[in-house]
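Residue strings, one per chain:
Number of protein chains: 2
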Amino acid sequence: MKALLFDVFGTVVDWRGGVAREVATFCARHGITDVDPAAFADAWRARYQPAMEEVRAGRRPFVRLDVLHRENLDATLAAFDIEARRLDSVDLDELNRAWHRLDPWPDAVPGLKRLRQDHIIAPLSNGNVALLLNMAKRAGLPWDAILGAEVVAAYKPDPASYLRTVDLLGLAPEEVCMVAAHNDDLHAARACGLKTAFLPRPTEHGPGQCTDLAADSNWTWIAADLEDLADQLDAA
Amino acid sequence: MKALLFDVFGTVVDWRGGVAREVATFCARHGITDVDPAAFADAWRARYQPAMEEVRAGRRPFVRLDVLHRENLDATLAAFDIEARRLDSVDLDELNRAWHRLDPWPDAVPGLKRLRQDHIIAPLSNGNVALLLNMAKRAGLPWDAILGAEVVAAYKPDPASYLRTVDLLGLAPEEVCMVAAHNDDLHAARACGLKTAFLPRPTEHGPGQCTDLAADSNWTWIAADLEDLADQLDAA
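Residue numbers (numbering that gives the first Met the number 0), protein chains in the order written: chain A, 0 to 235; chain B, 0 to 235.
Which copy? The list can't say, so a pair holds if one copy fits it or any two copies do.
No farther apart than 27 Å at their CA atoms in a straight line, the calculated lysine-lysine pairs in the DSS-like style are these:
(1) Lys1 with Lys112
(2) Lys136 with Lys112
(3) Lys136 with Lys1
In short, the hints are calculated from the structure, not lab data.
Computed from a predicted structure; not experimentally measured.
Isolated chain A (complex conformation) (with noise of 0.2 Å):
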């Protein structure tokens, strides 16, 4: 095994405690009061599938996340009862550039460097380019390359974006595994030949959380976290 490809939201950082604290700051700084910031983090996030879903089935050319996460965030302030058109578009832009500023989890930076040792390390995230590179530089993540579903202009988990992931490196898909905190990513990407390592996340959508809490098939790794995941793969 040559390559580990990382999911990024959810699995490397906490996607939802990050954009509930900048959403906190955004309404603290305009007056807004009656906005729980987890609840919108969740309705944001809501809409993620659904957006990617009309690039993936072909009823909209490839858009990159930033693009995605724009068009939703003023769907959620119109749900939120919050007008958009009150509020200033850099202000908005900058709000949306939360997901760039997300905190990993705390096992991730000394697991990746560790496990960057002896493998190719990299995102394959339905982040863009400058999502993911911004977020590392903020971070301190090693990634050794930025890919993911900009590069490959396919969204996960369409197998194209794990194919062409593939290609790129040069590698066969049994020589690169796919790090992820979520069971349907690694189902698509076995389905691709690649080889698969499942962490739980099990506070990743908050305390109530209910799905991906354990693996749900026998993934050639499974492990408590990024740092136990080299431990695992030091002693193969």
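Chain A is fixed; fit chain B onto it per the hints.
Only chain B this time, still in chain A's reference frame:
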């Protein structure tokens, strides 16, 4: 200025020395005694621009540089009266990956480490992703991302190669600086609105080099090497 993009072959790594080293090893292993490795490297490289021109001119769809290098290797072997058909294609593929195993100039790794502290740094090379990634992993080049011709499906100096890369970074052209030891690369980058930095590599083509020995225009920065460029940006 937020990002620095680097030409790689010649500017960051010594392609001639590295390819000649690998050609010498290959010839020794196959009992080929009448080939000057540096002359072979020059001949192989001489086919580089004409091969890319087929793509730039639209006569051929984009193909990655590994493919062009492999075709050019066959042609170079023929020009040296070496029968490629008698050689194992696995061995030839391995020789083709000599371009993945080039050594950096002595100032490159320390210079890039310093430049990375305050800027996004990435290659904008005609090399493909796997080539640049394997090179970086072997040589310790601390790129924040692996960008270049393959990611944007355009070979330098096609304006699309610069403009699409700037767009991927989510930046404006004037926020990005192209760094190269080749004046023509910088002329093309400046025409797209990028800032420019020149540094000479007077032995890139060997002891008799007569091109690109000095800046031929008033580039934004003119430096002795990458450490000097870091000094100048620190002082700016």
